[in-house]
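Novice: These protein sequence lines are chains L and E, in that order. UniProt numbering numbers the first residue of the first sequence as 1 and each following residue consecutively. UniProt numbering numbers the first residue of the second sequence as 1 and each following residue consecutively.
I should point out that these hints are in silico values taken from the structure, not numbers from a laboratory. The reader is advised that the hints may include incorrect statements.
Claimed, not checked - Below, computed lysine-lysine pairings styled on DSS-like, alpha-carbon distance capped at 27 Å:
| # | chain 1 | residue 1 | chain 2 | residue 2 |
| --- | --- | --- | --- | --- |
| 1 | L | K173 | L | K413 |
| 2 | L | K173 | L | K381 |
| 3 | L | K413 | L | K171 |
| 4 | E | K70 | L | K413 |
| 5 | L | K413 | E | K286 |
| 6 | L | K212 | E | K285 |
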Amino acid sequence: MADRPDADREAGANKPALRLHVPEPKSRPGDTVDFSHVPVSQPGKQPRPDEACDARETEGLCHDLIRVLGDDDRAHGPWDPKLDPDTLRTMLGHFALVRAFDERMFRGQRQGKTSFYMKCTGEEATSVSAAMALASDDMVFPSYRQQGVLIARGYDLVEMINQIYSNKGDKLKGRQLPIMYSSREHSFFSISGNLATQTPQAVGWAMASAIKGDSRIAATWVGEGSTAEGDFHSACTFATVYNAPVILNVINNQWAISSFSGFAGSERTTFAARALGYGLAGLRVDGNDALAVYAAQRWAANRARANAGPTLIEYFTYRAEGHSTSDDPTGYRSAQEREEWPLGDPVMRLKNHLIALGEWDEDRQTEMDREAAERVKAATKEAEKNGILGHGMHQPFRTMFEDVFEELPWNLKEQAEQATRERLIKFNGGRPK
Amino acid sequence: MSTAEMSTGVTEPKGANNDTVRRLNMIEAINDALDIMLERDPDVIVLGEDVGYFGGVFRCTAGLQEKHGKTRVFDTPISECGIIGVAVGMGAYGLRPVPEIQFADYIYPGLDQLVSEAARLRYRSATEYIAPMTVRTPFGGGIFGGQTHSQSPEALFTHVSGLKTVIPSTPYDAKGLLISCIEDNDPVIFFEPKRIYNGPFSGYYDKPAEPWKRHPQSEVPEGYYRIPLGKARTVTEGEALTVLAYGTMVHVAESVCREKGVDAEILDLRTLAPLDIEAIEASVKKTGRCLIVHEATRTSGFGAELSALVTERCFYHLEAPVERVTGFDTPYPHSLEWAYFPGPIRIGEAIDQLLSE
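The following block holds chain E by itself, in its conformation from the complex:
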């Protein structure tokens, strides 16, 4: 789809029951999902640093406290272990907490509560207690965030049995997936790619940013709708190769493939755990080539799991080794961000390599 096509008229909303459609950016879509769930379910509670009166440092919770009250949407002390720990207790009581961790880079103080408690609670109590919580947290780079405002720690969570990991890449998905996460009875980490809060990203940081309103996936139906967890989205259909991506990198990969004129089948995984293995398998068996793209560091990143699965399951259909395009195995740098970021050059090289074999 060309940029010109993307900017033309309203297309039909997909999967929604509601006729009214608004063009929202990802922040507004997330805010809308929270608003709807606070309205629908009196057990939904939103908590975190600066989420209450102020409405969040990224405005995702703006207006929610005023509308739903201070006991439903409130500010917390600066303590990630406390935020996640009390959310586990609230879940045990029967509430459905939606804690926010201001940046994924700051989730580590809460890791014990997530890994040892939230993820294990259903299992260790044989379903007596559950942790139906959704931890929302902005992640990813591309914003000059330096070491502690850019990280992509998803692989730390996909490695934990008992946790679900969800990453939207569009406003439409962000709303529908977040509603599904909040209603899910398992603990979910909902990573929000902050580079694309306001608009999709081509990977060319030196070009003007596109706003969401020019993108068809910014058409967000009013009211309640869900996107099921564990189901990938086919961004583009193609025959030459399969691209597996999520979050910001869906848009970067799409832009590179379009630019190069490659007939790529791009899958936006949307949920890393549980993974849509059927969609991955079907696509790679069709194309015979697979490129995996993520921002996170390479070694033991989620791409390694994807590569292993593709190799195990599609080995006799592969016409070239599986390629991984990732961040480098360094802490996220500040000044050298665009040398670190897996942008068009790195992706383009990998595509050339895949198609040459």
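The following block holds chain L by itself, in its conformation from the complex:
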């Protein structure tokens, strides 16, 4: 009974008062930036276990940071994927295109050509380099910030812009918010606005591939903020229970809109370390190091393809821009963060690596950037022939009722007829006969 408070005292009065911990980022607008907590490991020093290893052997890598590119712009250590210069230039070309695309689409939103856009600035490697490490028919279940996967898989820019403009060329018939792409032809799953729902779906797809004795694997992307969703827990559990051939990519860009990663649980552990509790292999990777991203994704892909199990990869990066065109990050974080991010910029780092190899130079980079901008501009003009949002060149309104079900039920038929009458009233100036 010694732990009980005295009968004549208030309950708990003999104990220290409990305090709720509410995480707070290191810096807010106007503050000096402190990135001392950001791990900057020495490139090349992280071991590369066998791809078929027991998941427990990855424990050290879950708390470290796999890096390949050093300050000397050279590749180091066992994770160097030893890509040939042509492949590196292709990767750099995709980076240039993604960046040019983001710039122009952001501007298009500001010009009122569409309602919404989301950039991936600073995170290009986590989609482009990862996608290049997969087979083109491996199925990807992206979140909304993996436009780099579509670019790396050669998706038509005009199709992308048609979707963003919701115009009459939009393959998704103007039903979806801009950037919620879908391309079955590119093994790119339909993007949903509901966060993390794609993660158990990716696991299910991978289970299906295993059930059918296929050789294709699945990969999914989710932000660190969305790992707090219950779906992510389900995905990890199902992945490990069925040894599903799947890669769970967590893009830790430090921010979920205005909430820093502490609100997803980063203060006391890493996102990669969650893998260990599930029995998944875990890797924590410098997400701005294109070579490290490629190598980690390839390691996980080989592991999955060999039936050796699923992998959770945390790509440690920084969301350099606002969350979306509807967001102003100066309201919650220091503008200096982007400048002082210790892991640099993925595009610059890959460019400098190619220059250090003697395979690239500033003039060619300038030319590449110019060509990318031209390509996006040409695609934009082409797409604008199909209309921009709100200028009337959208899909026929009856398509609104299609594809809810395979066949139109009676109630949707009636509602489609109602919509037809409304159009006649609106455009023919009177009730239809």
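Here the structure of chain L is known, so what remains is to put chain E in place on it, guided by the hints.
Specialist: Here is chain E on its own, set in the frame of chain L:
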């Protein structure tokens, strides 16, 4: 039809191509449908909590894993969001998953995957991806299941565009409808009224339970047959009033009408979405009176939709206001189950009211 007639000889199976008929209860009929579809289509996969080795807590999947193998019929972690989420992914791959949720009361953790994903996938991807899945789940009360083993959440699903909702009331329908659901390319919620798994229910909980084998609708043809979705079944033809019901309440309503000697036309809706509006309209226009019966709570229940449709479409044929007999607007109680359940007294009162106007 009297109880005596129901217990006599084998009648002709309806709508089947197969000559051999067995008398099955609803559990056996569901098991048979799953077995046939696993056999016919290598893309059909059965998954859920305890459905594999053990054969399901209600025995609906008994023997299926042994016969079809562990990669076709398997147990899952206890995660409804995971079960439905992986089923969506399997559907995207090209499989035809049949996930089970052990009780409809536990479907809510999977609701986001059903509402935001399965139901919207065809629409949002403009048919690039579909979710051809059938979520089987036992529902309804009358078994002393208390708050979390008795609920009837069908209205949460009929409100979602892109989902189909199907509820059988007999072994014959359970098999034929489930086969149709599994073959359907849209996501379907298949609610199994667990009160009538083993036999129809008169509504008199204090009388001995009837087994299915005494009921003509327990004659289930062997082999493959389908009952189309979106088509109601006329349980009894009549002139005095139309009763709209589904699941357990079909039997309760039938027993009350028989007892009262009311010349009722009872429609078993079978599919709530898409609804057989033609059958409803034709019947109410003939009888001029409409009673809607469901176990689910009253406010914003599916009965409200039915009542609105009947009023909109049959207004000038109605001779009395549309009546709704439902569960009360409370959580499902344990000890007071039979005060809550819309049984013979509540239905009888509504019928008297309808016929007196």
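Novice: State for each hint whether it applies.
Specialist: Right, here's what the structure says about each hint:
no.	hint	verdict
1	L:K173 <-> L:K413	holds, 18 Å
2	L:K173 <-> L:K381	holds, 19 Å
3	L:K413 <-> L:K171	holds, 23 Å
4	E:K70 <-> L:K413	violated, 43 Å
5	L:K413 <-> E:K286	holds, 25 Å
6	L:K212 <-> E:K285	violated, 52 Å
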